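Starting from the known structure of chain A, fit chain B onto it as the hints suggest.
Listed below are the residues making up each chain.
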Amino acid sequence: MTTFEEIYKCYAPQIYRVCFGYTNDADQAKDLVQDTFIAVWKGLPGFRNESQMGTWIFRIATNHCLRAIEVAKRMPAAELPFNLAEAREESPEEKLSILYRCIAGLEETERIIISLELEGLPQAEIAVVVGLSNGNVRVKIHRIKEKLAQKLKAYEQFR
Amino acid sequence: MNNLDDLKSLWHTAKTDSLPTAKEMMQLIRKFRNQKLRSKWLVIISSLVLGGLITGVMFYVHFKLFTTYVGSGLMAFSSLVLAMDKMMSIKRFYQLDDHSNIDFLAFIEQTRKNQVYYYTQTMVTVVFLCSVGLLLYVYELTYQHPLWCIGAYSFIAVYYAILWFVIRPRAFRRDAEKLDATRRRIESILNQLK
Chain A
603 MTTFEEIYKC
613 YAPQIYRVCF
623 GYTNDADQAK
633 DLVQDTFIAV
643 WKGLPGFRNE
653 SQMGTWIFRI
663 ATNHCLRAIE
673 VAKRMPAAEL
683 PFNLAEAREE
693 SPEEKLSILY
703 RCIAGLEETE
713 RIIISLELEG
723 LPQAEIAVVV
733 GLSNGNVRVK
743 IHRIKEKLAQ
753 KLKAYEQFR
Chain B
6 MNNLDDLKSL
16 WHTAKTDSLP
26 TAKEMMQLIR
36 KFRNQKLRSK
46 WLVIISSLVL
56 GGLITGVMFY
66 VHFKLFTTYV
76 GSGLMAFSSL
86 VLAMDKMMSI
96 KRFYQLDDHS
106 NIDFLAFIEQ
116 TRKNQVYYYT
126 QTMVTVVFLC
136 SVGLLLYVYE
146 LTYQHPLWCI
156 GAYSFIAVYY
166 AILWFVIRPR
176 AFRRDAEKLD
186 ATRRRIESIL
196 NQLK
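One line per chain: the protein sequences are A and B, in this order.
Note that the working numbering has the first sequence beginning at 603, numbered continuously upward.
Note that the working numbering has the second sequence beginning at 6, numbered continuously upward.
In short, the hints are calculated from the structure, not lab data.
All of these numbers come straight from a predicted model, not from anything done at the bench.
Worth double-checking, as some hints may not be accurate.
Unchecked claim - Each computed PhoX-like pair below joins lysine-lysine, with the alpha-carbon atoms no more than 20 Å apart:
1. K13/B - K755/A
2. K632/A - K36/B
3. K118/B - K96/B
4. K753/A - K13/B
5. K20/B - K611/A
6. K632/A - K611/A
7. K36/B - K644/A
8. K118/B - K45/B
9. K199/B - K749/A
10. K644/A - K611/A
11. K13/B - K749/A
12. K747/A - K199/B
13. K183/B - K118/B
14. K697/A - K747/A
15. K13/B - K697/A
16. K753/A - K697/A
Claimed, not checked - So the derived label-pair ranges between C-beta atoms look like this:
17. E748/A - K199/B: 16 to 22 Å
18. A751/A - R173/B: 48 to 54 Å
19. R175/B - A751/A: 45 to 51 Å
20. D629/A - S14/B: 23 to 29 Å
21. A166/B - F649/A: 49 to 55 Å
22. V137/B - N651/A: 51 to 57 Å
23. A176/B - E607/A: 41 to 47 Å
24. P694/A - A27/B: 23 to 29 Å
25. T130/B - P647/A: 34 to 40 Å
26. S735/A - G61/B: 54 to 60 Å
Every residue, glycine too, gets a C-beta built ideally from N, C-alpha and C.
Here chain A stands alone, though its shape is the one from the complex (with noise of 0.2 Å):
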């Protein structure tokens, strides 16, 4: 048997990275890994194994994602193009910083289901956590992808 501790060390990285990606905001993500950590700690004495542990912890988050509309409100709208006088090579930090903008330009689900790709997520499992099938979940995020893409085009044209 996993305990919490271990099941803490092991997904809590994967889980900030996904609601970081959803919000744009460190202290947003943060909050929302530890409400998904409380609901985790809740229900682990009741989780049977019919899905994979990723999986369930996943759908924690990104339902905690959606739900949390006050952090809608909040969340920083992606605005292209920004630093435009700044013509200049980025650091990784400035690179994911750009990545992160151009995600929060995105849907909400879209969010999610290219945050849960980016993690590295099986698009079977993504299709689980989302409640799409696999051929669904497949074509959205060769959409997400092309759209991501466009995104960031459009900041290095104006680089």
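What follows is chain B alone, placed relative to chain A:
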């Protein structure tokens, strides 16, 4: 930076060392685990205690008039209805997490409908039963003293008028806006998944 593998590598460079440790998270969980449900539990416990108290008084004190028993019964029943409604709400809350995103949105929509039902049906029933119960209950205490009777009934009338025509519409309007925002948001998210 457009290549997906590059994006994945970049994605995994996000710093996560500011997250609480497992030990700190356990402390946070102990602190916050029941905070969200605290107000619901408070309503349940208060309603049950009040209902129990009213019922206890009904059995231990011998009233002269039948109206007092009917009044007590109605007030106790209204407390029970309120407690049961909140218990069902808590039960739903505990089932909340084990769903896919689509099922979860349907669940939230059902919760929203339940909240509307609570405001338009359950709350009206509870307040009506409790008001009638109180009016009947007070009668035995005051019917031999006309002045007390007028005073007590005037006080009750003013109290319920404020509750019904001032406090309830305000609370309902405020929560109706929130519920409507939830409905619009759920509709928008569900459209994204079509």
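Going down the list of hints, with the structure as the test:
| no. | hint | result |
| --- | --- | --- |
| 1 | K13/B - K755/A | 17 Å, holds |
| 2 | K632/A - K36/B | 16 Å, holds |
| 3 | K118/B - K96/B | 16 Å, holds |
| 4 | K753/A - K13/B | 16 Å, holds |
| 5 | K20/B - K611/A | 14 Å, holds |
| 6 | K632/A - K611/A | 14 Å, holds |
| 7 | K36/B - K644/A | 13 Å, holds |
| 8 | K118/B - K45/B | 18 Å, holds |
| 9 | K199/B - K749/A | 17 Å, holds |
| 10 | K644/A - K611/A | 17 Å, holds |
| 11 | K13/B - K749/A | 16 Å, holds |
| 12 | K747/A - K199/B | 18 Å, holds |
| 13 | K183/B - K118/B | 12 Å, holds |
| 14 | K697/A - K747/A | 17 Å, holds |
| 15 | K13/B - K697/A | 12 Å, holds |
| 16 | K753/A - K697/A | 13 Å, holds |
| 17 | E748/A - K199/B: 16 to 22 Å | 18 Å, holds |
| 18 | A751/A - R173/B: 48 to 54 Å | 53 Å, holds |
| 19 | R175/B - A751/A: 45 to 51 Å | 49 Å, holds |
| 20 | D629/A - S14/B: 23 to 29 Å | 25 Å, holds |
| 21 | A166/B - F649/A: 49 to 55 Å | 51 Å, holds |
| 22 | V137/B - N651/A: 51 to 57 Å | 52 Å, holds |
| 23 | A176/B - E607/A: 41 to 47 Å | 42 Å, holds |
| 24 | P694/A - A27/B: 23 to 29 Å | 27 Å, holds |
| 25 | T130/B - P647/A: 34 to 40 Å | 36 Å, holds |
| 26 | S735/A - G61/B: 54 to 60 Å | 58 Å, holds |
Every hint, counting from the list given before, is met by this structure.
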